[in-house]
Amino acid sequence: MSKHYRLNVAALIYRLKADGKLQLLLGRRRDFPSCWQWPQGGVDEGESLEEAFHREVFEETGLKNLHIVAKIAKPVRYEFNEEGRKKFKPYKGQEQVYFIAKIPDGEPTADRLDSVKNKEFTELKWKNPTLAVKTAPAFKAKAYKNALKVLEKLSLA
9 MSKHYRLNVA ALIYRLKADG KLQLLLGRRR DFPSCWQWPQ GGVDEGESLE
59 EAFHREVFEE TGLKNLHIVA KIAKPVRYEF NEEGRKKFKP YKGQEQVYFI
109 AKIPDGEPTA DRLDSVKNKE FTELKWKNPT LAVKTAPAFK AKAYKNALKV
159 LEKLSLA
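Residue numbers (the working numbering): 9 to 165.
Honestly, the hints are just simulated from the structure, not real lab data. Being a predicted model, the structure only gives us computed values, none of them experimental. Treat the hints with caution; some may be incorrect.
[Unchecked claim] In the DSSO-like style, the derived pairs of lysine-lysine whose C-alpha atoms are separated by at most 27 Å in a straight line are:
1. Lys97 - Lys150
2. Lys29 - Lys100
3. Lys142 - Lys95
4. Lys150 - Lys82
5. Lys97 - Lys110
6. Lys79 - Lys161
7. Lys127 - Lys110
8. Lys25 - Lys94
With the hints as constraints, model all of the structure from the sequences given.
Here it is, written out as structure tokens:
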């Protein structure tokens, strides 16, 4: 990781509908209500990537015990807008490590997660993955698109 990029984990939590179509668990951003994104957040000092993944997912969704299916080998970078550069100074952007995960049988699903309250999202829903790209802030859209390209190449049956 470059010292200019904040290390971050992102969670692509998926399910397959009965018709075989892939959906991702996305949250409506509290600070940008038109934006839907997957759970993500910074890695704390001394924390492994996997620990950060599980902590961020729990903080933002209330879900525990997710089954990690894959970790995207190459991190995806994006540069912050002006507001992000101020908030995360001295970093100029984030380097995201993506985990692909699913909810184990018997765990609650997003259909029952409306009661989860957190500072990031006002609601959680299963959505078409492209919604995250379509509603992302411009500075994140390319990184999100790249992550979805890798996701499409995986066999997630």
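The hints, checked one at a time:
1. The straight-line distance between the Cα atoms of Lys97 and Lys150 is roughly 22 Å, inside the 27 Å bound, and the hint therefore holds.
2. Under the criterion of a C-alpha separation no larger than 27 Å, the hint pairing Lys29 with Lys100 is inconsistent with the structure, at around 36 Å.
3. A threshold of 27 Å between alpha carbons decides the hint, and for Lys142 with Lys95 the separation of about 24 Å falls inside it, so the pair holds.
4. Restraint check for Lys150 and Lys82: the C-alpha separation of about 15 Å stays at or below 27 Å, so the hint holds.
5. The suggested pairing of Lys97 with Lys110 is violated, with an alpha-carbon distance near 33 Å, which exceeds 27 Å.
6. Of the supplied pair hints, the one linking Lys79 and Lys161 holds, its CA atoms being roughly 13 Å apart against a limit of 27 Å.
7. At roughly 23 Å between alpha-carbon atoms, Lys127 and Lys110 fall within 27 Å of each other, so this suggested pair holds.
8. Pair hint Lys25 plus Lys94 does not hold up; C-alpha atoms about 41 Å apart against a cutoff of 27 Å.
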